[in-house]
Each structure stands twice: as structure tokens, then as C-alpha cells.
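One line per chain: the protein sequences are A and B, in this order. In terms of the numbering used here, the first sequence opens at residue -16 and continues consecutively. In terms of the numbering used here, the second sequence opens at residue 306 and continues consecutively.
Errors might be hidden in some of the hints.
With a cut-off of at most 25 Å between alpha-carbon atoms, the simulated BS3-like pairs for lysine-lysine come out as follows [claimed, not checked]:
| hint | chain 1 | residue 1 | chain 2 | residue 2 |
| --- | --- | --- | --- | --- |
| 1 | B | Lys399 | A | Lys359 |
| 2 | A | Lys72 | A | Lys359 |
| 3 | A | Lys359 | B | Lys454 |
| 4 | A | Lys354 | B | Lys428 |
Here are the in silico distance ranges between beta carbons for each label pair [unchecked claim]:
| hint | chain 1 | residue 1 | chain 2 | residue 2 | range |
| --- | --- | --- | --- | --- | --- |
| 5 | B | Gly402 | A | Thr207 | 41 to 51 Å |
| 6 | A | Ile451 | B | Lys379 | 52 to 62 Å |
| 7 | B | Phe314 | A | Leu154 | 28 to 38 Å |
| 8 | B | Lys379 | A | Lys217 | 35 to 45 Å |
Footprint (simulated), chain B over chain A, 3 or more residues, beta carbon under 8 Å [claimed, not checked]:
| hint | segment |
| --- | --- |
| 9 | 56 to 67 |
| 10 | 142 to 151 |
| 11 | 168 to 175 |
| 12 | 362 to 368 |
| 13 | 401 to 415 |
| 14 | 422 to 428 |
Honestly, the hints are just simulated from the structure, not real lab data. C-beta: ideal position from N, C-alpha, C; glycine also.
Given next are the chains, with one letter for each unit.
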Amino acid sequence: MYYLQILVTITVGVLAGIFVGSIPGLTATMAIALLVPMTFYMEAVNAISLLLAIYVGAMFGGSISAILLGIPGTPAATATRIDGFPMSKQGRAGEAINIAAMASFVGGMVSLIILFSVARPLARFSLNFQSPEYFALAITGLTLCISLSSKNVTKGLVTAFLGLFLATIGLDELVSVERFTFGRLDLFDGLPFIPAMIGFFGFAELLVQAEQIMEQRRVAQKVTSVLPTWNDFKAILGTSIRGGLIGTMVGAIPGTGGNIAAFLSYDITRRLAEDEEKDKFGEGHPQGVAAAESGNNGVTGGAIIPLVTFGIPGDSVTAVLLGSLLIHGLRPGKSLFEQQSSLVNLIFAGMLISNILMLFGGIFLSRFYAKILSLKDQYLLPIIAVLSIVGAYSIRSSLFDVGLMLACGVIGYLLTKTGYSTVPLVLGIILGPTAEMNFRRALLVSGGSLTIFFTRPISLVLLVIAIIFLTSSIIQQSKNSARQRKMRNQAGMAG
Amino acid sequence: MKVQSDLLFTAISTLVLGIVISFHASKMPWSCSGIPGPAVFPLIIGVALILLSVANIVLSLTGRSASPGKTSAKERFKALWIIGVSVAYFLLLKPIGFVVLTPIYVICLIAGLIDWVTVRQEKVGAKVVVEMILLGGAVTAAVFLVFAKVFLVSLP
Chain A
-16 MYYLQILVTI TVGVLAGIFV GSIPGLTATM AIALLVPMTF YMEAVNAISL LLAIYVGAMF
44 GGSISAILLG IPGTPAATAT RIDGFPMSKQ GRAGEAINIA AMASFVGGMV SLIILFSVAR
104 PLARFSLNFQ SPEYFALAIT GLTLCISLSS KNVTKGLVTA FLGLFLATIG LDELVSVERF
164 TFGRLDLFDG LPFIPAMIGF FGFAELLVQA EQIMEQRRVA QKVTSVLPTW NDFKAILGTS
224 IRGGLIGTMV GAIPGTGGNI AAFLSYDITR RLAEDEEKDK FGEGHPQGVA AAESGNNGVT
284 GGAIIPLVTF GIPGDSVTAV LLGSLLIHGL RPGKSLFEQQ SSLVNLIFAG MLISNILMLF
344 GGIFLSRFYA KILSLKDQYL LPIIAVLSIV GAYSIRSSLF DVGLMLACGV IGYLLTKTGY
404 STVPLVLGII LGPTAEMNFR RALLVSGGSL TIFFTRPISL VLLVIAIIFL TSSIIQQSKN
464 SARQRKMRNQ AGMAG
Chain B
306 MKVQSDLLFT AISTLVLGIV ISFHASKMPW SCSGIPGPAV FPLIIGVALI LLSVANIVLS
366 LTGRSASPGK TSAKERFKAL WIIGVSVAYF LLLKPIGFVV LTPIYVICLI AGLIDWVTVR
426 QEKVGAKVVV EMILLGGAVT AAVFLVFAKV FLVSLP
């Protein structure tokens, strides 16, 4: 009965994930942020399995609208559109969706195998980490996120510091001093993370989407259901395994995500293709769809590696997942694998089942999803608004949390509109307490000397990585800016 | 060079926030019985925000920072409509209650998002109004069922 309950939960999660992922504008992060409050009332295994199932489903779901509408359902499916949409226009929509489902399955399985093999040794390695290392790890994670997710480093740094500031709100854990609570009891335990996250990822996205609302009903290409054959599977297997490996590696680096993995996998596959095949990419090549989809689903396992071993989320989805783990009293690291070993195994098994269900859901339900795509944005967005408000309220039955969610939503919207990414902000809120606590503990041990961060090898290596990434991003930004200025000047002279 | 006012506004807002954080942090203890005090981290954050915001202001004024794209007044209205209606919903939720207010909230949101000119041209006004009312009722019922009955959350 217990396992049946988990199976039902995972099935619901995968289907919901595919549904949300397939709707343009609704991302996996938004789906998970909106559903986290519901998981608050579930057992830990059910809750985490549901969220991971949504993650796996949504990563694939994005490909459906990329193939049928030519509009990627999620940013991660942008590369899938390159060959998926031409295939669909040629009347091969069913075939393209089958390829996307099979490649997503292989990519997901490859990443799961790697996650399963490296997570425990890495968690054991985390025993070598003490305060200076944890501080350095948090800072490196944040820096990588800024460098890789923000086009503009100074803006990325601003949002990361905003996140770190929000994390300082509440009673100071070491000396019980009130910080930035303005006397409000609701803030004594710190900024309520889930309402803030629903605001930044759910409500803010909803506002951005409202501006880009489609006036016309979307017209999806027709899907003729065809069952894939063993030969179809064999033809994309090599590409998909490679995509899965690329996705896992990219996913494990904080701040990256499915978009980068899919493009990298697509680009490598195209480069490796024979000359006469190369020209077919972009015109409906099945290997293009396979490369992109295996790449973005490979991220699912990869992003979980730093999450469960060091408590550092790989992307915005896993940042939300970390919040959910903490709500259920699960602290990532070695103790999670030792004390909650059966729970970890169940979660990994849940991911395996999610991938299998996604494969079948993708192949057999493609006609049904084509119908969903005709849903009007005008009807969909109000549902998201109600879920955001009720979700924020339900955690503590607090209207204050609703107000906070709305405020975070509006701030997130304003930041997005002016080119600031909210991902470093949320990562800052998550990693802030780890960074601060370990910074202060390390200074306590060293008697106030900052040299402790540079005399311990792991901490030094991590900080050097952070400095290299940050410096190279700043150099890149100033080069881009100079190039743009030059182009503008030339255009001005020509005019 | 045309200065982008929205970029400047965000940069000035973060600058003011940086100053406020630094000011409040400077009144907190620096050290408590040998432990680095609660002021240290916020002060670093405040100063960093000030410096970065100044950099962003300079970049905006010199045109070296760009906004992701222009939004038309019609598009911006939709976002502002959702914000306005949602704030009103938040303020009225306690006095009026979830079951009565939510259908009205959903209907108001849809009404603001729909392009009524097209609806009138296609003569589907009555159908759209029925759909709005049905959706408002269905969303309220579904959310109430899941949260109040399954998860036992006491909705206002």
C-alpha cells in the first residue's frame, strides 16, 4: 500500500510535470514552487518523489510545445525546437515526440546512474569540509551561478547580495540579536522561504507572462500517433548517452541548467556528424532532437549531485527542492546517506520510475498534450495567481506570508524587466545562512584572521575557482560592452 | 545618449537599500564574547550593494547597460492589472472570505487579460462570460477541496 501510494504520487507528478512543461511560459521551477506547499503535508519520501517527478516530467514536457507549436515550453527546450518544429511541419510530429521521449529517458537514466554512483562517495568526501570549506563552497556556488546565469555580472552580484541580505532577516542564531525584523514576530524565524520563492519564481513569472500573453488561440501541428521501433531507439542511443553525460556534467555546476546542456549537446552532436549529415541539422534531423532532449534531461540527475552531497543547489529547481528537503528536516550531506539511507534509496528509485513513466507518457499521450496546448493564457494565468496566493498562505496559515509573496513577486518582476536574474537572488537566500554561519565560525576559530580561508587547500581551491570565474565574467562583460559601443558608433556614423 | 530610466530606478533603489542596510547594521554589535557579531555580514552586504549600485548607475548613465526590451503600455497594463487586483484580493481576503472572494478575483483577472475588442468582433462575448464564471467557480471549488478538505488548511 505504501509503495502504491508513492507510485501514484510519482505518476501524478510526471503527468503534472509534462503538462506544466508543455505550456509555454510555465517552467519546471514555477511548477515546483507552486506545488511545494502541498508537499508540506506529505511524508518526506512522497513529497520529494513528487517534486522530482515534476522536474523530470517538465524537462521533457517543454519539448512538446517546441515540437508542436515552435514555441519552447521551457527555456531548456529551446534547442529542441531547432529540429523538432521542422519535423512537425513535415508531418512527423509523432515521430519527433517519440524521439524526444526516448532521448529524455536515456539522458535521464544516464544521469541517474552517475548520481547513484558518485553521490555516496562525494557525501563521504564532504566529511573533509569544515567551516572555512563550507563558506568557500557557498561563495563558489553563488559565484558560478552569477557568472553562468547572468548576462551582466554587476547585476548578478546585486541580486546575489539582495538574496544574502534577505537571508540575514530574523533572530541571529549565534547571539539572538534581532536583525531587520522591524519588530514583526512573523520575521523572527527568518524570511519565510517558500512564500518568497513562490513570489520570485511563480508570481513574478506570471506577471512577465501576462505581458507576453497570446491574443490568438495557439494552433498546434497535428499529431499522428506512431509507436517507435527498436531501430528508432538504436538510432538515437549513442547521441542520447552522450547528451546524458553532457547534461549530468553541466547540471552539476551551479547556475547552469537544461538550456546550456541542451545547446552544448546539440552543438557537439552536429560537429561530430558527417559532412553530408551536418546540413540536415536545423531542417528536421532526428539526432538534433535527441541531442537536445537527452542533454536537458541529463541535467535532472546532475543538478541533484551537489544538492544531496553538499547542500549546494545546481539550479533554480534544485534550490526549491533544497527548501523542501529542509522543511522535512532532511539535511544534505553524509548524515543524509547514513541516517536516512532507505529514504535516499526510495528517492533514487522514484527518479528511476519517473523516467520510465515519462517515456510511456510521452509516447502514448502525445495527442492529448496537443489538445492541452490550445488552452488560453487568459484562463491559465488566473489559476496560477490563485495557487500562488493559497500556496503562500497554507504554510503557516498566515496572511503576512501572502503579502510577502506578492511583494517578492513584484520585486522579482521589476528585476526581470530591467535585466536582473532572480536565480542568484534565490540561491543567495538559500546559501546565505550557510555562508554567514560558517564565515563567523571560521573567524572564531582563527581568532578573527581571514587567512584561514586561504591556508586550507580545499577552501583555497574553491575560492580560486570563484575568483577566476568572476574575473573572467567581468572581463567578458567589458569586452561585450566595448563591442556594442563600437557597433553603435559605427551605425551612428553610417546613419 | 538616452538614459534608460527603468535601469536607473532599479540601480538607485538598490543603492538606497544598501545605505539602509549599512545604517542598521552599524548599530548592531560587532563582536559578542569573542564571536564575530551580527553586524559583520549585513555590513559587508550593505557596502557591496552600495558599490555595485554605483557601478550600475554609472553603466546606465553611460549607456553601457541595456534593458531586455521595451514593453508597450497595453502589455504593461496587464501586469499592473494583476498586481492591483491581487493586492485588493489580499486586503479583502480576511473580511470577505476565500469562498466568496476567489471567484470574483478569477473573473476580474480574466476580464483584465482578455482582448475585448477581438471578443466583440468575433461576437463570442456571452460564451466568454460564461467561461469566466465557470472557471471562477471551478478553480475556487478545486482549491478549496484540495487545501481545506484534503490538507486541512483553514482558509480565511
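Going down the list of hints, with the structure as the test:
In summary, the hint linking B:Lys399 to A:Lys359 is not supported, as the alpha carbons are separated by about 30 Å, beyond the 25 Å threshold. With a C-alpha separation of about 22 Å, the suggested pairing of A:Lys72 with A:Lys359 holds against the 25 Å cut-off. Distance hint between A:Lys359 and B:Lys454 is unfulfilled; the C-alpha atoms sit about 29 Å from each other, more than 25 Å. Taking the CA atoms of A:Lys354 and B:Lys428, the gap is about 24 Å. The hint holds against a cut of 25 Å.
At roughly 49 Å, the beta-carbon separation of B:Gly402 and A:Thr207 lies within the given 41 to 51 Å, and the hint holds. A hinted range of 52 to 62 Å for the beta carbons of A:Ile451 and B:Lys379 is inconsistent with their spacing of about 46 Å. Between B:Phe314 and A:Leu154 the beta carbons are some 33 Å apart, a value that agrees with the proposed interval 28 to 38 Å. Between B:Lys379 and A:Lys217, the C-beta spacing of about 52 Å breaks the proposed range 35 to 45 Å.
Coverage of a stretch by a chain is defined here by at least three residues with a beta carbon nearer than 8 Å to that chain's beta carbons; for the segment 56 to 67 of chain A and chain B the count is 0, and the condition is violated. Beta-carbon proximity to chain B at under 8 Å applies to 5 residues in the segment 142 to 151 of chain A; the threshold of 3 is reached and the given coverage holds. Evaluation of the coverage hint for the segment 168 to 175 of chain A: breached, as 0 residues show C-beta separations to chain B shorter than 8 Å, against a requirement of three. Three residues within the 8 Å Cβ limit are the bar, and the segment 362 to 368 of chain A against chain B gives 5, so the coverage statement holds.
Counting residues of the segment 401 to 415 of chain A whose C-beta sits closer than 8 Å to any C-beta of chain B gives 3, which meets the bar of three, so the coverage hint holds. Counting residues of the segment 422 to 428 of chain A whose CB lies closer than 8 Å to any CB of chain B gives 4, which reaches the minimum of 3, so the coverage claim holds.
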